[in-house]
Amino acid sequence: MIALRRGVAACLLALLFAPAPAGAGPRRYAVAIGANEGVGGDERLLYAERDAQRIAGILRDVGGFAPEDVLVLAGVTASDVRRAVIGVNARLRADPSPSLLFVFYSGHADAEALHLRGTRMPLAELRDLVTGSPAGVRVLVLDACRAGALTRVKGGRPGPSFRVDVEDRLDAEGVAILTSSAAGEDSQESDHLGASFFTHYLASALIGAGDRNGDGKVSLGESFTYASERTLAATSATVAGPQHPTYRWELGGRSDVVLTRPFTSAALGKLELPHAGSYLVHERAAEGPVVAEVASTRPGLIALAPGTYFVSRRAPDHLLEGEFRVDAGRRTRVDPASMRRIDYARVVRKGGTQRGSALAVFAQAGVRGPLLGLGTAVRAEAGTRLDFAGVSLQLRFAAGSSQADSPRLDIGTREIAASLAALRDFDLGVITLGVGVEAGGAWIAQRFHEERTPDRDAGVALVGPTAEAELRLAGPLSLRADGSLLTYFLEAGNDPGAASSRTPVTWRAALGAALAF
Amino acid sequence: MRRAALLLSVLAGCGDPLAEGDYLGSPMTILQGRALAGSGQDPAPVRPHVGLVWPRLSGFPSPRVGCDPIDDGDLDEGPSFFAAGARIDAVFPSTFHIELYDPPPPAALGSYRDCEGALDGRMAVAFVLAFDDLDDDGTFSEESVNGGVDRPIGYSDRHMVIYVDVPPRPGSFAWEHVFLNPEAATRGYHVVEGVCADLEEPLDRIRVLGASEPLEVIVTPVDDDTEVEPHCLNFLWPGR
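Residue numbers (the working numbering), protein chains in the order written: chain A, 11 to 527; chain B, 145 to 384.
If we strip away everything but chain B, and leave its shape as in the complex, we get (with noise of 0.2 Å):
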């Protein structure tokens, strides 16, 4: 009997550990953070979430700094978009990670473009934003902020995230003002911390820190006057 045990051990351990039927695959992703308690959250936070949120940039004009004005037309300003997120400990801090599947929505995705409008450039950028999940859904959406149903309750103001769908072209204005290290802007997902503006360049920048690194989001009373501005991070948004 013990030998039978232990042929079935054998063969039961040979090969792969098999997937299940709700096997999303391999994350292109895994996202690595920690939540911090801010001051003043009244009430506290039944179900706290932490997720990314990704405006909707084709919507926007595409920025071309030296062209001459170019009309982009009718300006589409839908919803943002949420990714999936994770569930965080009410008690702070709190670790978490997310593991993004899939690139963001192509709506998602904003362009650099020259003055001819040839592409130098595609990505996303997402905001790094922690809710209660009151409805319980996993999931926020403006609607459901608007309808009270989810409460934000933070974000990051280090951190974002970016996903990189066209590196920026060496050369380019994305190249040269907006990354701080584009060479480091490969295809894929990244964090990014701001850079800010100084003398030689006017505006902010981002520096590209790589998917490991942990985010740091702030959990602290966010309401619908306060604007989520992370530090720094005031840099040439791509658009359309």
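Chain A extracted, bound-state conformation (with noise of 0.2 Å):
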């Protein structure tokens, strides 16, 4: 589920470059602002305070920021902005190095303000606060809605970067606006990634899946481009609609910033992604917060914390799933044969490709219980089923004979029957489990072994409850086992001028095996 932001926000992105002294690196400071809640209306956020933290965290690991320069904000009122920000101008005034500072917010915006607890803050005040900052390079990320309205660009493209080291001489100077989406359109959660859309893909960038070039380091234009083309794609398919992050790029000269170097720390493990695709990374396991989605045309590489980590590789028809464990200086390969595959049925209950369907058919033999004391019947099944992502479609045909031995009569009973089902089901591991509803009809005929006793053919209808269980052999091929108790409606009577409606209750089980395609 996607939950909708209102306001208006805008990203700053100033820069003023300093040349450096030489041999010093600059010194990094970071302000990192979430707030799930805004002001009157608007809806609570679920991810904004998670967004910083995790921007924070990276910027700490990767990013080159001393852990007491990485000040984090979480549910604040304008106030705690203002006097922070110029709390770190007042450290950066203090440091004459050369110096970065690098503020991010997520929450609620409008035109004019930010939401934060119940107070505004001025966008036009923050931006001020950040370009008046003493900061040798001053970088604001904001991630709201409609951004676009302040920059005046209803959707754009990032011109064409090139890396400068910030310790290299810097000659440009200048203002650069990042925005999470343009004029107009909203910027958008997601329960699924469990983040804002702009602010997963920029984290995922900044940890290496921006990377272009594959130097080692992620460039802000890098990581803008690689966040702004993941989010048009992923909104592009979400109810509020496709939102494009823009950027106004104002340079004196041209110039990029190297926002993290994420493979030269110790501390952190490398996952490697050997082939290209989609990979989503989620920590520890499948429910686990999803950590970063690398969306590339050639072999990735990011930087993680030392864990275990669940890799999702999707493909159009099938998903690749597997756990991995990343150690701390050491590089995990990615290998997709030690990865289990999703396909088929699976792969369409749990989304993420664009398989919308799946097809089977199933073989097996079973039995139906007594039906009017006229004996057990053996059955042999044959049907053809149909997965959607939230039912499944089976339509079986079966055939069936009973023997019953009334006081003097041989009774043989035919039965051709043909229902539909629909069910839910449930993976659990290697088996799956579905529930539902099953109704059809039967043509019986019935043949009593003596010339003088017609035989009898009735048509009947049937109804009920079912269940299933299918356990997956290898590949397409998979085990089964089903049953229904079912109510037939028909007519019965041994004197058929005394014949009446009835509605007999029996069961059905059945034993076989699944071929999907």
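It is possible that some hints are incorrect.
[Unchecked claim] Okay, the calculated beta carbon distance ranges per label pair:
1. Arg418(A) <-> Leu380(B): 29 to 37 Å
2. Pro249(B) <-> Ala508(A): 50 to 58 Å
3. Gly379(A) <-> Trp381(B): 47 to 55 Å
4. Arg418(A) <-> Gly261(B): 43 to 51 Å
[As the list claims (entries may be wrong)] Listed below are several chain A residues computed to face chain B (Cβ distance under 8 Å; list not exhaustive):
5. Pro417
6. Ile421
7. Gln456
8. Phe458
9. Thr463
10. Ala509
Simulated from the structure, these hints should not be mistaken for lab results. A virtual CB, placed ideally from N, CA and C, is assigned to each residue, including glycine.
Join the two chains into one complex using the hints; note that each chain is given alone, in its own frame.
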């Protein structure tokens, strides 16, 4: 489910470059602000404060920001933000060395101000605080709705960026504006990702997914390029519509800023993605928080804290999944051969691929319980099954026979049945369980093996709950068992002239195999 | 929902009604009748039933009129057979119907033969008996009577039931002297009534009435000394 944030915000990027002293690297300061609670009728956000924590963590881990120089503000007011930025600027004034200020905001906003826990901070004020900062390089990223209104950009793309190390002599200055969405567009959160779209992809870029030129560094331009492309692609199919991150780059000269060096930290490990494709990385398990998303046309590499990660790779019609251990200072290769392939119906239910349905056929042998005292029937069944994300439809054909001995008569009963079932399936490891309802009809032929007693043939209806279990064997082959409790609707009576409508209840069970396509 | 119920009803009603596991099949014949009260029912019957009793005719010598005596061997006077009956109300008159699905036991069949022993006809003959099924097993037997378990309480004075296994051969003794209307004695069950002997015919004969002829049973006290001898049904019975 996507939660929408209201408000308008703009992102100002002010870059003022000053020559760096030879041999001295810039000191980096960051203020990461996250506000789930806005003002008035703003819907409460779920992930804005977490966005700020995430960006702050990345800057500490791979951005060269000292922990004491990274300030995280969550659920604060305008006064708190003002005080924090002023405080950082004061520290910057006291430190004559080259410096970089990175201010990040995620939360509600409108065209005029940020919405911070019932208070408003004029956007112009924040812009002035940042642009007026004594830092040599000033970066302000703001992830909020209708950011493009301030930039007056209705969608845009970054210009060609070229890497310039901050340590090098920089002779450019100016203002760049990055926005998470264009004018008139909402910025969205994703429950699936556990973050806002733009921040999620920005974070992924900063830990390595955005390293387009493979030099081991992620520049501002590279990170924005990755984040904007992925944000647009991911939001194109949402209810709120596509989100077009934009930026305006106003520089006396063109230069880029290296934001992170993901692969230089000995405290982190590297996750190598040896094949091009779309990857989603969760912490610990499939249910864990998403820590990175990599979509690349070439092999990729991202930096991660040591731990276990669940990696899934999406293809048009299947998923590959697996758990990988990342150790500090080491490289872990995501080998497709060691991953589980999720295919056919399971991938349809799981989603995330282009496959919207899956077809399978099955054949079974089974029994049907006694009906009207005519004995238990042995049945052969075959059918087809069509799986969608939320429901599975099964068409079943069955033929069965039973034998009953009345006090003086042999009664042979044959049944040909057809039914349609709708089930809801649940994937539990290698087993899939399903419950639903089955309905259909049958033609029942009774033969009495006595010339004097005429045969009887009847059409009946049947309906009832059904359940199934399927065990995946190998590839498209599965072992399956199912059963139903069926109510038959029929006419019955030994004396045809005194027959009546009846609704006997009986059961059905079968065991067989299925082949998926 | 209403349409679904209608559709189910249509499907359910398509074709023949299904028979159940206790189905006995189509009966060979259904005997209809009524039971009338006689006099002096004491005590009143508890579980009155009407049924057919088939004497064991195969144990008796076959009647061969006009032939040299033939030694048919020892007589087989085994017990008679009881056919499925029907329960009747203790309040009279009471109607009943008896469904017969199978021919009577082979030992109940008796034959008519000519002097050379050729078969002229074969049939079984049953008395229509009313009894009090005291042991509630739905059957009647001589053993149960001897044991005082079941009690006969009446019989049909007018009608008997026959099963023709081999119709009488035209021109045979049975054709000429047993049946008044032998051409009606086709294979199967029939209700018959007695035709009294007269100057031309020294023995009673039987008139075939057809299986649909309603039976009439008089429920009247019957004891061990009572000879069940329906009126004018003293015809020449078939034998071995």
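Outcome of the hint check:
Checked against the hint of 29 to 37 Å, the pair Arg418(A) and Leu380(B) passes, with Cβ atoms roughly 33 Å apart. Checked against the hint of 50 to 58 Å, the C-beta distance between Pro249(B) and Ala508(A) comes to roughly 30 Å, which is inconsistent with it. The hinted range of 47 to 55 Å is satisfied by Gly379(A) and Trp381(B), whose Cβ atoms lie roughly 53 Å apart. A C-beta distance of roughly 34 Å is found between Arg418(A) and Gly261(B), which places it outside the suggested range of 43 to 51 Å.
Among the interface hints, the one on Pro417(A) holds; its C-beta lies about 6 Å from the nearest C-beta in chain B, closer than the 8 Å criterion. Against a cut-off of 8 Å between C-beta atoms, the interface hint on Ile421(A) holds, since the closest Cβ of chain B lies about 6 Å away. Contact between Gln456(A) and chain B, as hinted, is supported at the beta carbon level, the nearest pair being about 6 Å apart and thus within 8 Å. For the restraint placing Phe458(A) at the interface with chain B, the shortest Cβ-Cβ distance is roughly 6 Å, inside the 8 Å limit, so the hint holds.
With a least beta-carbon distance of about 4 Å to chain B, the hint placing Thr463(A) at the interface is held under the 8 Å criterion. Taking 8 Å as the C-beta contact cut-off toward chain B, the hint placing Ala509(A) at the interface holds, the least distance being around 3 Å.
Hints 2 and 4 from the earlier list are contradicted by this structure; the remaining hints agree with it.
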